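Since chain A is already given, all that's left is putting chain B on it; use the hints.
First to last, the protein sequences are chains A and B.
Quick note on numbering: numbering that gives the first Met the number 0 labels position 161 of the first sequence as 160, and the sequence is numbered without any gaps.
Quick note on numbering: numbering that gives the first Met the number 0 labels position 232 of the second sequence as 231, and the sequence is numbered without any gaps.
What the hints contain is simulated information worked out from the structure, not anything from laboratory work.
Computed from a prediction, not measured in an experiment: that's the story for all the values here.
Treat the hints loosely; a few may be bogus.
To be verified - The calculated BS3-like cross-link candidates involving lysine-lysine, where the alpha carbons are at most 27 Å apart (straight line), are: (1) A/LYS265 / B/LYS79; (2) B/LYS39 / A/LYS198; (3) B/LYS39 / B/LYS27; (4) B/LYS79 / A/LYS198; (5) B/LYS27 / A/LYS47; (6) A/LYS47 / B/LYS268; (7) B/LYS276 / A/LYS125; (8) B/LYS79 / A/LYS159; (9) A/LYS198 / B/LYS80; (10) A/LYS198 / B/LYS78; (11) B/LYS27 / A/LYS53; (12) A/LYS198 / B/LYS211; (13) A/LYS27 / B/LYS78.
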Amino acid sequence: MKKDTSHINSLENEAIYIMREVAAQFEKPVLLFSGGKDSITLVRLAVKAFYPAKVPFPLMHIDTGHNFPETIEFRDRLVKELGLELIVRNVQDSIDEGKVKEESGRYASRNMLQTTTLLDAIEEFKFDACIGGARRDEEKARAKERIFSVRDDFGQWDEKNQRPELFDMLNGEIELGQNVRVFPISNWTELDVWSYIEKENIEIPSIYFAHKRKVFLRDGMIWSAEDDVVYRDEDEEVIEEMVRFRTVGDMSCTAAVLSEAVSISKVVEEIRDSTISERGARIDDKRSEAAMEKRKQQGYF
Amino acid sequence: MEVLKIATAGSVDDGKSTLIGRILYDTKSLTTDKLEAIEKTSKQRGYDYLDFSLATDGLVAEREQGITIDVAHIYFSTKKKSYIIADTPGHVEYTRNMVTGASTSQASIILIDARKGVIEQTNRHFFINNLLRIKDVVVAINKMDLVDYSEEVYNKIKADFSELMSKRDYQDQNITFIPVSALKGDNVVNKSEAMSWYKGAALLEHLEQLDKADIFNAGTPRFPVQYVVRPKTEEFHDYRGYAGKVYGGDLSVGDDIIVLPSKTRSKIKDIYFYDEKYETASRRSSVTITLENDINVSRGDMIVKEGDIPTIDKQFTANVCWMDSNQLTAGGKYVIQHGVNKVLAKVDRINHKINPDYSGIDKEATGLNINDIASVTFKLNKPIFYDQFKNHRTNGSFIIIDTQSNNTVGAGFIQ
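In isolation and in its complexed conformation, chain A is listed as follows (with noise of 0.2 Å):
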């Protein structure tokens, strides 16, 4: 009997029917794919919820050119074995066609750049879905996000003003010009996601699993020496320890965790034993208490 009492396929179920809503109402859907974790594992349950039909929307990965090299090595193979469309849009274009200023200094960073190259592929390709693996644990402010959120012409969130989801009922009625993002993954923590990648056994990145790299302390947190977009004064000194990645984004924000978890079901043992966030690795959003809910309003992901 296929069921749904245990947690897992309840969370499983619940995807698999927002992402049959998003191909039933929208035009032009579209996956945004990172390479990190949570957007695999919205890629499986697209691929699980169309079964034997293809995935019915492309993926879109808005490349800072700050990522790391096995997770673009990744992508390509993923999408070559599932056959899936990808498009790749680039940071650095916008940069190169002024649209957008590279920030300087320790904390530079391409996170917040993504955003306008994003708005600029959406209007492009005229998506008026965005399928993201944002998840409300992450974040205060994402606790506050709808499965449909709506944007509008600039990308903009209105957090104040978000239309009330009820039931399992999804309202994607939108005007032109609008999109929606939708979040698949909502009710999934980070756990619940690494349960899922192990019960499914799917491939991820191998910067996810602890490895031996020459990183720097600053902060109390610990960088990659081995990329040069990650800025590094010269009194910064250069060690080498066993780490993993607990998120992959741009380079520049994303820190390493000591770890010892060299397999998946080692990498699970130890977020239900850790004690700190997963986006406490992430220097974005200790810029301010309400970092992420101002670049959500922006039109961040």
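Positioned in the frame of chain A, the structure of chain B alone reads:
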């Protein structure tokens, strides 16, 4: 492990966010960085205690005003269950958020300030929980530390609340009273030493014991077709699968079914979940069904068991909770979304407004304002297949969409 979704309701300053923060703290669900942020901000504000409400009040406006203005979702788990708390605001003008939070919840917590007792807001909170037929309701009498942990105060509030219970429509609702102090941690996760007179379970212990199977309202199986899967590949050349979620009861291979609205008969051939076949699909599972006959089925159609057909009608009466600042008036045209089905609807008449504080009804109502609840009769441009809400939580509910703004402007529960 199971998931239990809980809605919370309380008035401003009843300490709802503090209660949730306390649960997170005592179950060790707050990570060190979150805890440090709370300690830091509490100190900056000059508090000599930890302000747990900081853990949940997510939006800038809320932190500035110190109140919760939107539904936030909070996650934690114990060894037994995984919990999702919908933190819904208690302001009188935010009834819509409370209805929203409660619509996806299986249990709820109503907070009462022990110093204030049952107030008008409590009536509303209880009314909505009862209207939405939430099976298990906990009445948490909070701030017991401020009334010297008095058993008399607790008993008085309990008696006042029981008065309300006699007026409720849905009598099978389980109601449990628990005296707590969220700030001090009494009877939240740990049993209170200060209230030895209270013999019941602490809040979390009570939630741990709730039987989910009992909480979900069972009904008859309904399968609204969400999406038609047509692979058109060589391997699956003639495959036509109907994707959807099973509601109410189970569906099995070989079941005699009827497709609505065409009333075509068929049998369930296969039940797929991804590439695996199953004999039975239990309720709430998202499966793909194939039928024995090659018949025309599209999104919005409904597959039901033979002999178990819902009401098929172009008109119905429902209790509506209005959620928009523009009035609902007789004659108004809207889109009604019933499950995955959308139809055009016209307000035939507003029968009466229902005061959500159990003070009676208003027969002269001409228009509905935001947060009003009323009995409304709709006429539809084509029939829908519905059950009464009291018999089927999913197939008896709908949302109302404004044709101009596209916003969700109301929710309804079919009578």
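Evaluated hints:
1. A/LYS265 / B/LYS79: holds, 22 Å
2. B/LYS39 / A/LYS198: Judged against 27 Å, a Cα distance of about 39 Å means the pair is violated.
3. B/LYS39 / B/LYS27: At roughly 18 Å apart (the allowed maximum being 27 Å), B/LYS27 and B/LYS39 satisfy the hint.
4. B/LYS79 / A/LYS198: Cα-Cα ~19 Å, so holds.
5. B/LYS27 / A/LYS47: violated, 35 Å
6. A/LYS47 / B/LYS268: holds, 20 Å
7. B/LYS276 / A/LYS125: Violated, because 37 Å separates the two Cα atoms, which is more than 27 Å.
8. B/LYS79 / A/LYS159: Violated. B/LYS79 to A/LYS159 sits at ~35 Å, over the 27 Å cutoff.
9. A/LYS198 / B/LYS80: holds, 19 Å
10. A/LYS198 / B/LYS78: holds, 18 Å
11. B/LYS27 / A/LYS53: violated, 43 Å
12. A/LYS198 / B/LYS211: The hint holds at about 23 Å.
13. A/LYS27 / B/LYS78: The hint is violated at about 42 Å.
Going down the numbered hints, you'll see the structure goes against 2, 5, 7, 8, 11, 13, while the others check out.
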